Amino acid sequence: MKTSSLGYLIREGFRSLWTNRNMALASVGVLLSCLVLLGSAVLVVLNINQAVGWMESQNIVMVYLKSGTTQADIDAVQSKFGQIDNIAETKFISKEEALETQKKALGEDGDLFDGYKGENPFPDAYQVSVKDVERYTETVEELRGITQVEKVSERTEEAETMLNVRNTVSVISFWVIGLLILVALFIISNTIKITIYERRLEVSIMKSVGATNGFITMPFIIEGMLIGLIAGLLSTGILWYVYGLAADGIFKMSAFATLIPFSDVGWLILLCFLGIGMAAGALGSFISVQRYLRTNGGGVYNVL
Amino acid sequence: MIEFRGVTKTYPNGTTALKDINLTIEDGEFVFIVGSSGAGKSTFLKLIIREEVANAGKIRVNGFDFSTMKKRDIPYMRRTMGIVFQDFRLIPKMTVFDNVAFAMRVTGAPPRQIRKRVSKVLALVGLSHKARCMPGELSGGEQQRVGLARAMVNNPKMIVADEPTGNIDPERSFEMVKLLSEINRRGTTVLMVTHEMSLVERFDRRVIQIDDGSVISDTGVRESHEDE
Chain A
1 MKTSSLGYLI
11 REGFRSLWTN
21 RNMALASVGV
31 LLSCLVLLGS
41 AVLVVLNINQ
51 AVGWMESQNI
61 VMVYLKSGTT
71 QADIDAVQSK
81 FGQIDNIAET
91 KFISKEEALE
101 TQKKALGEDG
111 DLFDGYKGEN
121 PFPDAYQVSV
131 KDVERYTETV
141 EELRGITQVE
151 KVSERTEEAE
161 TMLNVRNTVS
171 VISFWVIGLL
181 ILVALFIISN
191 TIKITIYERR
201 LEVSIMKSVG
211 ATNGFITMPF
221 IIEGMLIGLI
231 AGLLSTGILW
241 YVYGLAADGI
251 FKMSAFATLI
261 PFSDVGWLIL
271 LCFLGIGMAA
281 GALGSFISVQ
291 RYLRTNGGGV
301 YNVL
Chain B
1001 MIEFRGVTKT
1011 YPNGTTALKD
1021 INLTIEDGEF
1031 VFIVGSSGAG
1041 KSTFLKLIIR
1051 EEVANAGKIR
1061 VNGFDFSTMK
1071 KRDIPYMRRT
1081 MGIVFQDFRL
1091 IPKMTVFDNV
1101 AFAMRVTGAP
1111 PRQIRKRVSK
1121 VLALVGLSHK
1131 ARCMPGELSG
1141 GEQQRVGLAR
1151 AMVNNPKMIV
1161 ADEPTGNIDP
1171 ERSFEMVKLL
1181 SEINRRGTTV
1191 LMVTHEMSLV
1201 ERFDRRVIQI
1211 DDGSVISDTG
1221 VRESHEDE
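As you go down the protein sequences, you meet chains A and B in turn.
Residue numbers for the first sequence follow the numbering used here, beginning at 1 and rising by one.
Residue numbers for the second sequence follow the numbering used here, beginning at 1001 and rising by one.
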């Protein structure tokens, strides 16, 4: 395509978008909703992944041994840990250490333990880190199977809840976003259909003077891509703002809970939104124009 | 050159618009296609511009053999002709200049060439002074001259005029045919479809009469101006 033609086609695309701005606005709205939902789902999944990752790194299972364990028992437990492949590392905490830790944690009230008069109420224990949180339950069961183990304090439920939320969000958002993309394509396609209808005289003249279908299609594709571009930019802005509010709200609820900073993923989201928006715009326009050109309305004489 | 050999066109509703048409129009000729409403003139024209496809027979236009021509070549075939419509088909929101330039822009011509050529054809049809006017500000005759300028702007081998005088008064109609004759004198083939016999009779040109889908007469001057 010649440079002079390209400039002309781009100008035509902008002109058409402005002329048909009300319908274009509707298309931008639908596409924008779709992208904001998509972005929200992605951010939820990313944050859950981060939380699960944090849990994985913090996933410490406390394995309490039976009272009256000997050094031989402790060594036997240690060697059994070696047979469980999902254990990242272990740390032995003697009952004396446990007592000291609790005393320190209670501060001034630590002397409450003095009432035990030399008897230590804490058992010997192992602090075990799990490698793969997905195999958490299986690992806990293996730990329970060790003879010298009295009790295993587990965090299976939290880990499973997190994973369930992530999987549910992924599945629901996949279908909802898929559906919304179809709706967006339909709306864009209809917007372009109206544009074509308004410009049917021009299209018929183009056909009569020998414009190729590619040349006729191009301004409409550009119009669709502009719709996608606007929707992509606006949706990134909206998502940024809403995510900021959500992050503040969560921080107020718990100072320890933090979300991934938007700046870490913002550029990627913007690029993806622009790509998806412009591709959806171009595809919606292409479908519409090709359909028009295939029918009688796309002829020289039969102007619908 | 236009060549029809045994051409028949039947529409899906069963109406046979043209039956076994055989004719040749040489380069540089000026031909009137006449006939009453529904005689088959429009179908004849639609076959020439490949808006419709014949059910039988062979058509060749300006070197393109329609039986072997690919769909993607239709735009290039149409660039060899300029079409003038009865209802002018000017874009109301564009100036006269832009309406004419539009036909060049869509074929990818560079802006400098467009400016030069549009000014030239507007001068030829006597509308240089109206270049900045909107179509709504022009009379019917002037609008049709803009349509003619647009048809000519890409320097086609042939002008196909479909009832170009149908919406203008008799005096302007005469001027329009004179203008087409002038264009023909410069070497462009002119094919004018009309039902106005009184107008046709004022010019000594080849006349092909179609009735009920058949050519019933083919009379008058057959020599092209290039041959004169």
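Accuracy of the hints is not assured; some may be wrong.
Unchecked claim - Using 30 Å as the maximum straight-line C-alpha spacing, the simulated DSBU-like pairs for lysine-lysine come out as follows:
#, chain 1, residue 1, chain 2, residue 2
1, B, K1157, B, K1046
2, A, K193, B, K1071
3, B, K1093, B, K1070
4, B, K1046, A, K193
5, A, K193, B, K1070
6, A, K91, A, K80
7, A, K104, A, K66
8, B, K1130, B, K1019
9, B, K1157, B, K1178
10, B, K1058, B, K1046
11, A, K66, A, K80
12, B, K1093, A, K193
Stated by the list, open to error - Here are the computed distance ranges between Cβ atoms for each label pair:
#, chain 1, residue 1, chain 2, residue 2, range
13, B, I1091, A, W267, 39 to 47 Å
14, B, T1010, A, V176, 45 to 53 Å
15, B, D1087, A, W267, 52 to 60 Å
Derived by calculation from the structure, the hints in this document are not laboratory data.
Small disclaimer: the values here were computed from a predicted structure and weren't measured.
Here a beta-carbon is modelled for each residue, glycine too, at the ideal position from N, C-alpha and C.
Status of each hint after checking the structure:
Between K1157 (chain B) and K1046 (chain B) the CA atoms are separated by roughly 17 Å; this keeps the pair inside 30 Å, and the hint holds. Between K193 (chain A) and K1071 (chain B) the CA atoms are separated by roughly 23 Å; this keeps the pair inside 30 Å, and the hint holds. A distance of roughly 35 Å separates the Cα atoms of K1093 (chain B) and K1070 (chain B); the hinted pair therefore is violated under the 30 Å criterion. For the suggested pair K1046 (chain B) and K193 (chain A), the alpha carbons sit about 26 Å apart, so the restraint of at most 30 Å is met.
A C-alpha spacing of about 27 Å is found between K193 (chain A) and K1070 (chain B), which places the hinted pair at or below 30 Å, so the restraint holds. Among the hinted pairs, K91 (chain A) with K80 (chain A) is consistent with the structure: their alpha-carbon atoms are about 14 Å apart, no more than 30 Å. At roughly 24 Å between alpha-carbon atoms, K104 (chain A) and K66 (chain A) fall within 30 Å of each other, so this suggested pair holds. For the suggested pair K1130 (chain B) and K1019 (chain B), the alpha carbons sit about 44 Å apart, so the restraint of at most 30 Å is broken.
Note on K1157 (chain B) and K1178 (chain B): the hinted pairing holds, with a Cα-Cα distance of about 18 Å set against a maximum of 30 Å. At roughly 14 Å between alpha-carbon atoms, K1058 (chain B) and K1046 (chain B) fall within 30 Å of each other, so this suggested pair holds. A threshold of 30 Å between alpha carbons decides the hint, and for K66 (chain A) with K80 (chain A) the separation of about 15 Å falls inside it, so the pair holds. Using a Cα cut-off of 30 Å, the hinted pair K1093 (chain B) and K193 (chain A) holds, with the two alpha carbons roughly 20 Å apart.
Taking 39 to 47 Å as the suggested C-beta distance range, the pair I1091 (chain B) and W267 (chain A) conforms, at roughly 43 Å. For the pair T1010 (chain B) and V176 (chain A), the beta carbons lie near 52 Å from each other, so the given range of 45 to 53 Å is met. Between D1087 (chain B) and W267 (chain A) the beta carbon distance is about 54 Å. The supplied range of 52 to 60 Å therefore holds.
Checked against the numbered hints above, the structure breaks hints 3, 8 and satisfies the rest.
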